[in-house]
Amino acid sequence: MANPATQAPPIAAGESSRMPAWASLGAIFGVVSALSILTFGPIGVSGTYPRFVGAILRRIDPAYALGNPYLEKMGSLIKPETMLVVGLLIGGFLASRLGKREQAHTEFIHAGETTKGKRYRDAFLGGLLIVFGARIAGGCTSGHIISGITQLSISGLIFAAGVFATGIMTAKLMQKGGR
Amino acid sequence: MDLIYALIAGVAMGALIQRVRASSPAMIARNLRLENLSIIKFMATTIAVGTILVYGMSLFTTMHFDIKPTYVVGVLVGGLIFGVGFGLGGYCPGTCVVGAGEGRKDALWAILGGVVGALIFAVVFDSMITPLLKLADYGKITLADVLHLPAFGVALGLGALFLGIVYLLPTEVKKA
Numbered sequence: 027m028a029n030p031a032t033q034a035p036p037i038a039a040g041e042s043s044r045m046p047a048w049a050s051l052g053a054i055f056g057v058v059s060a061l062s063i064l065t066f067g068p069i070g071v072s073g074t075y076p077r078f079v080g081a082i083l084r085r086i087d088p089a090y091a092l093g094n095p096y097l098e099k100m101g102s103l104i105k106p107e108t109m110l111v112v113g114l115l116i117g118g119f120l121a122s123r124l125g126k127r128e129q130a131h132t133e134f135i136h137a138g139e140t141t142k143g144k145r146y147r148d149a150f151l152g153g154l155l156i157v158f159g160a161r162i163a164g165g166c167t168s169g170h171i172i173s174g175i176t177q178l179s180i181s182g183l184i185f186a187a188g189v190f191a192t193g194i195m196t197a198k199l200m201q202k203g204g205r
Numbered sequence: 007m008d009l010i011y012a013l014i015a016g017v018a019m020g021a022l023i024q025r026v027r028a029s030s031p032a033m034i035a036r037n038l039r040l041e042n043l044s045i046i047k048f049m050a051t052t053i054a055v056g057t058i059l060v061y062g063m064s065l066f067t068t069m070h071f072d073i074k075p076t077y078v079v080g081v082l083v084g085g086l087i088f089g090v091g092f093g094l095g096g097y098c099p100g101t102c103v104v105g106a107g108e109g110r111k112d113a114l115w116a117i118l119g120g121v122v123g124a125l126i127f128a129v130v131f132d133s134m135i136t137p138l139l140k141l142a143d144y145g146k147i148t149l150a151d152v153l154h155l156p157a158f159g160v161a162l163g164l165g166a167l168f169l170g171i172v173y174l175l176p177t178e179v180k181k182a
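These protein sequences, in sequence, are chains U and E. This note's numbering applies: residue 27 is where the first sequence begins, and numbers increase by one. This note's numbering applies: residue 7 is where the second sequence begins, and numbers increase by one.
For the record, the hints were derived by calculation from the structure and aren't laboratory data. Treat the hints with care, as some may be off.
[Stated by the list, open to error] Using 27 Å as the maximum straight-line C-alpha spacing, the simulated BS3-like pairs for lysine-lysine come out as follows:
1) U:K198 to U:K142
2) U:K99 to E:K146
3) U:K99 to E:K140
4) E:K111 to U:K198
5) E:K111 to U:K144
6) U:K142 to E:K111
7) U:K198 to E:K180
8) U:K198 to U:K144
Generate the whole structure from the sequences, applying the supplied hints.
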């Protein structure tokens with residue numbers, strides 16, 4: 027991908043003759059998502075979190091885990107979705123190591139994130155809210171938005187509208203005071 | 007065999023997310039602030055190509071469709087809560103796993119937050135969440151059902167609409 031030219035070619039702002047990365051990568055992702063529905067089912071990530079919690083609780087407090095209706099409903103980790111999540115970890119690792127090596131670092135994304143501790147706090151709280159919200163709705167970006175709208179589901183469209191409404195508001199509000 | 011297909015799909019998905027920079031919280035924040043629309047355009051392209059392919063293939067073979075039910079209030083409330091977390095942390099449940107694979111430390115905190123969120127959810131599910139799932143539940147409905155049109159036709163239309171929008175939208179948004 028993107029062989030580093032010795033000198034950046036003087037392309038007028040806008041598209042070069044090549045497809046922009048979001049378009050080619052998006053088209054490939056569309057094929058991957060379609061092949062998933064052809065072979066095993068729509069891609070989805072967030073259900074793996076409660077399955078993981080269930081797997082741990084069944085070891086440390088089996089009585090509670092077996093009596094919890096949600097953990098029982100979600101079932102065991104032996105599911106294609108779990109392998110998908112393992113794949114995400116491997117894919118992220120490989121793509122960041124192969125080709126041009128760009129060290130991933132912790133990025134500060136809001137005005138209030140002045141220390142790494144505050145960044146980790148936002149990441150933790152953000153992680154908590156996305157999984158909690160996704161479980162209420164029954165899916166996340168992959169399950170509801172990508173797979174959902176791909177299958178033309180109304181729930182995916184409603185979920186996406188909710189996500190972008192508060193997502194845009196939160197990101198814009200937290201920018202205040204910075205830059 | 008399903009497990010192997012899913013693993014392959016996951017590796018591909020993780021690599022694509024990493025390369026398009028969707029696992030970068032700073033890039034997500036720029037998209038949500040509508041300064042750069044590359045991730046939004048990436049997602050819309052994925053959906054457009056995906057929907058045309060799946061409903062095209064469905065004319066010739068059986069697909070493993072799995073439509074999620076539309077319980078309007080719960081889906082919307084869940085989306086609104088998700089959006090706050092998405093804007094706050096810059097990760098979604100999948101991109102933080104990709105970020106962890108890349109070696110981002112904050113991604114590990116996001117995953118930990120997700121596990122805690124799932125635990126809280128499991129604890130309060132029976133008493134607080136179940137009623138929400140019954141409000142305005144229309145079941146597994148699609149745009150094709152609502153429009154009373156053939157699914158492949160709707161997929162072609164929606165795909166063309168999304169591709170048209172991403173073609174017209176700028177990637178870098180100039181400040182007015």
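Do the hints match the structure? See the list:
1. Using a Cα cut-off of 27 Å, the hinted pair K198 (chain U) and K142 (chain U) holds, with the two alpha carbons roughly 21 Å apart.
2. With a C-alpha separation of about 18 Å, the suggested pairing of K99 (chain U) with K146 (chain E) holds against the 27 Å cut-off.
3. Restraint check for K99 (chain U) and K140 (chain E): satisfied, since their Cα atoms lie roughly 17 Å apart, inside the 27 Å limit.
4. Taken as a hint, the K111 (chain E) and K198 (chain U) pair is honoured in the structure, with Cα atoms around 24 Å apart against an allowance of 27 Å.
5. At most 27 Å may separate the alpha-carbon atoms for a hinted pair to count; K111 (chain E) and K144 (chain U) meet this at roughly 13 Å.
6. Restraint check for K142 (chain U) and K111 (chain E): satisfied, since their Cα atoms lie roughly 10 Å apart, inside the 27 Å limit.
7. Simply put, K198 (chain U) and K180 (chain E) have alpha-carbon atoms about 16 Å apart, close enough for the 27 Å limit, and the pair holds.
8. Taking the CA atoms of K198 (chain U) and K144 (chain U), the gap is near 18 Å; set against the 27 Å cutoff, the hint holds.
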